[in-house]
Structure formats: C-alpha cells, structure tokens
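Asks: Work the whole structure out from these sequences, hints included.
Protein chains in written order, with my numbering: chain A, 2 to 228; chain B, 5 to 160.
Just so you know, these hints were derived from the structure itself, not from any lab.
Among the hints, a few may not be true.
[Said to hold, decoys possible] What follows is a list of derived Cβ distance ranges for each label pair:
| # | chain 1 | residue 1 | chain 2 | residue 2 | range |
| --- | --- | --- | --- | --- | --- |
| 1 | A | 96 | B | 147 | 43 to 51 angstroms |
| 2 | B | 34 | A | 163 | 20 to 28 angstroms |
| 3 | A | 58 | B | 154 | 41 to 49 angstroms |
| 4 | A | 99 | B | 16 | 32 to 40 angstroms |
| 5 | B | 116 | A | 99 | 45 to 53 angstroms |
| 6 | A | 96 | B | 140 | 51 to 59 angstroms |
| 7 | A | 166 | B | 112 | 39 to 47 angstroms |
[Unchecked claim] As a list, the in silico DSS-like pairs of lysine-lysine whose alpha-carbon atoms are at most 27 angstroms apart:
| # | chain 1 | residue 1 | chain 2 | residue 2 |
| --- | --- | --- | --- | --- |
| 8 | B | 124 | A | 34 |
| 9 | A | 34 | B | 16 |
| 10 | B | 124 | B | 151 |
[What the hints assert, rightly or not] Computed footprint of chain A on chain B; a stretch qualifies when at least three of its residues, placed anywhere within it, have a C-beta under 8 angstroms from a C-beta of chain A:
| # | stretch |
| --- | --- |
| 11 | 44 to 50 |
| 12 | 72 to 84 |
Ideal placement from N, C-alpha and C gives every residue a C-beta, glycine not left out.
Listed below are the residues making up each chain.
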Amino acid sequence: MSIEQAVRFAEIIMTFAYLQQSLEFVRGLQPEKALGIVRAVLSVVLFIGFQTVYVEAGLLIIALMLLHRFQGPYNGGSDCMSILVLLCLFLSHIAPSKFWQEMALGYLAFQLTFSYFQSGYIKVINPDWRSGRALRDVFALTAYPVSEHLREWAKSPRLLWCMSWSVILFELVFPLSLLCYTTLIIALSLAALFHLANACLFGLNRFFWIWPAAYPVIIWLQHRLLH
Amino acid sequence: MFRFEFYLRKNKMLKLILPVVFPSWRFFSSIGASPRIQFAFLQNESDDPQLWQDFRPRPERVSFVEGLRRLLWNPQWNETLYINTCAEHLFDEPSPMREQEIMRRILAAVSRGEITSEYKATFLLFRICTIIRDRNEITQPVVFVSKPEALLGNAL
Numbered sequence: 002m003s004i005e006q007a008v009r010f011a012e013i014i015m016t017f018a019y020l021q022q023s024l025e026f027v028r029g030l031q032p033e034k035a036l037g038i039v040r041a042v043l044s045v046v047l048f049i050g051f052q053t054v055y056v057e058a059g060l061l062i063i064a065l066m067l068l069h070r071f072q073g074p075y076n077g078g079s080d081c082m083s084i085l086v087l088l089c090l091f092l093s094h095i096a097p098s099k100f101w102q103e104m105a106l107g108y109l110a111f112q113l114t115f116s117y118f119q120s121g122y123i124k125v126i127n128p129d130w131r132s133g134r135a136l137r138d139v140f141a142l143t144a145y146p147v148s149e150h151l152r153e154w155a156k157s158p159r160l161l162w163c164m165s166w167s168v169i170l171f172e173l174v175f176p177l178s179l180l181c182y183t184t185l186i187i188a189l190s191l192a193a194l195f196h197l198a199n200a201c202l203f204g205l206n207r208f209f210w211i212w213p214a215a216y217p218v219i220i221w222l223q224h225r226l227l228h
Numbered sequence: 005m006f007r008f009e010f011y012l013r014k015n016k017m018l019k020l021i022l023p024v025v026f027p028s029w030r031f032f033s034s035i036g037a038s039p040r041i042q043f044a045f046l047q048n049e050s051d052d053p054q055l056w057q058d059f060r061p062r063p064e065r066v067s068f069v070e071g072l073r074r075l076l077w078n079p080q081w082n083e084t085l086y087i088n089t090c091a092e093h094l095f096d097e098p099s100p101m102r103e104q105e106i107m108r109r110i111l112a113a114v115s116r117g118e119i120t121s122e123y124k125a126t127f128l129l130f131r132i133c134t135i136i137r138d139r140n141e142i143t144q145p146v147v148f149v150s151k152p153e154a155l156l157g158n159a160l
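Replies: This is how it looks when you write it as structure tokens:
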C-alpha cells in the first residue's frame, strides 16, 4: 500500500466515524448540536476528497472547541483516537518533506500499536486482572454492561478468566504482528472483532469505528519498514 | 494582568490538548468506584425527596438487532457515559460545570418526555451513589446530592 493510498483509506474510514459521532451530537444539546452539524457537513466534504487540508483544519478547530466545551474528551479514549487520527493525517498533508510526512503517519501507527500493548501491560501487572476478578467487577459493578442480563456473566468466573487472559495476551503480542503482513492482517481482524465485542457488551460503539481508521496507516508502515 | 489571564487560559487549553496528543491507553487499569445517578422530583423546593429513581436503568436484555442498530446510533448511551465521567470528576473535587452538565441532561430528558412524574412536580434534584467492592462486600454510599433545580416550562 502506498502512502497516498493509506492516507486516503484512513480518511474515508475516519469520515464515517466522524459522521457517526457528529450525528449523535446533533440529537443532543447546544452548542455541541450546532458543532455536530458543521462537523457532519465537513465529514461529507472530506469523504469526497475536496480541499482536504482546509477541511481537516476545520475539523481540528471543532475538535478543540469540543475539548474546551466538555473540559476533556466527551467519550474518553475514542475521542482521543479520533483527534489523533485527524491530527496525524492533517500533519501528513502539510508536512514540508516526505520524511516529516512519514513521521506523522509513523506516530499514528505507533500510537495504535501502543494503545493495544499498554492496555495489555497495565492488565497483566494487576493481580485482579490475572485472576479474572477485574473483569468480573466490570460486569457486576460498573456502568458499562448494556443490559441487566449481561451482569449474570459475573457469575461465570472461568469464562471471565479465559476472556481476561485472551484479551491480555492478544494486546501484549499485538506489536509482534508487525513482523509479517499475514500476521498483521490476522491481528487487525482480531482487533476489529475485539472492538465489535466491546460495542455489543459495553456499548462502546465509537471505538469500533475510529480504531480501524488507523489500520491502513499501520499496514503502510509495516510495508515501509520491511521492504 | 491581561497577559497573565491569557497565559492561564492557554495553559488550561494545553492541559486539555496534551493528553490527547500524547494519550495514555490505560483502559480499565483498575476497577474503582462506579457511579450511579439517581433523581427525584419535588413539589416544592424545600421538600425532602420521597422517591429516588435510577437515571436510565439498563434494559433486561438487548436483542441482536438492537445491538446492531446501536453500533451505528447510540447517542443516549454515549451521553450516559459522559454523565458518568462528570460524576467521577465530582468524586474528586467540586465542579459547578460538571454538576450543571449532569443537571442539564436530566432536565433535557424530562423535557423530551423520557422521564415523567406521576404527580405535579416543579423541582428536580439528583444524587450520585458509588458502587464499591471492599473484599467481598459491596456498598453503595451516596457521595453527592445536587441542589434542586426548577423544572420551569417543563413542569410535570
């Protein structure tokens, strides 16, 4: 995959994620409602590929306004990744040379890899995660499970122990998938399934759309590093 | 004076931007106190709340089709997650902005007809409980109670 193709694919997936988030804001309160409308329009324009740099600059300004409005991200990690993808794609367009363009996209690929690895690391050093207790608490106590029926999963410690270790191991070994194209594609497919499960179990639908926006960039980086 | 205020504002904005540009991906690093929002209607501002209700209680089940729909359209759930974030901030320190954010969104739910009262209420207040596990014991202390807010044109 060429760098231009990676950027364009990433932009297309990102615009879909931005459109989805923006339409949800439109249903809400002011001023995010107005900002959501403008952001939705800009997302459509970016999808078409018209005046990409200016549109991405506009989306970045709105991202700052929303950060200020909510005094931080509205939806935690998914908002962080949304801004990070947008910022790195924007920087890749205005980069003064090929080197800086690659640095901007390389940073995005690094953050994507690190997002999985660090999540796995902070779990594996926590005894509650290693024993499966932490995931039981997620289902039993936190506000995340989307239905009361799902809370019953807290009564299946063996299942949750297996789930905990599957997630921990996957997140920890994710960086190794960069060693070969086939393993990377398998890892990204598993990662997408992981986000799908999080969306179904915990309602984290925004993660499901924005994380894959960075996948074309990591596929490009893997090709760039190994060839 | 003006320069100092500008610096403070800029610094505040930097505090918001830096964690996004250099994020920490410590998802579920520890499972701490989990907030629950409850609200109560009042007939008069000075009344004691009689009935606390959970704000947006979870459904018993979510069907496969509903799950698919929520992948694309889940504004209410995402707003609830944001309200929980505001509540978690209120655990740590008082914040009129966070308190107002929660109240605004509950009032908007009343205004949309998502929440209704059986009697004619003119005020509403909310409280935050936390679900805490201490070894094998689970407790649910109340950590915050808001001031009553007039329902204004939304009176039920």
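Asks: Of the hints given before, which are not true for this structure?
Replies: Numbers 8 and 11 - these are the hints that the structure violates, sorted from lowest upward.
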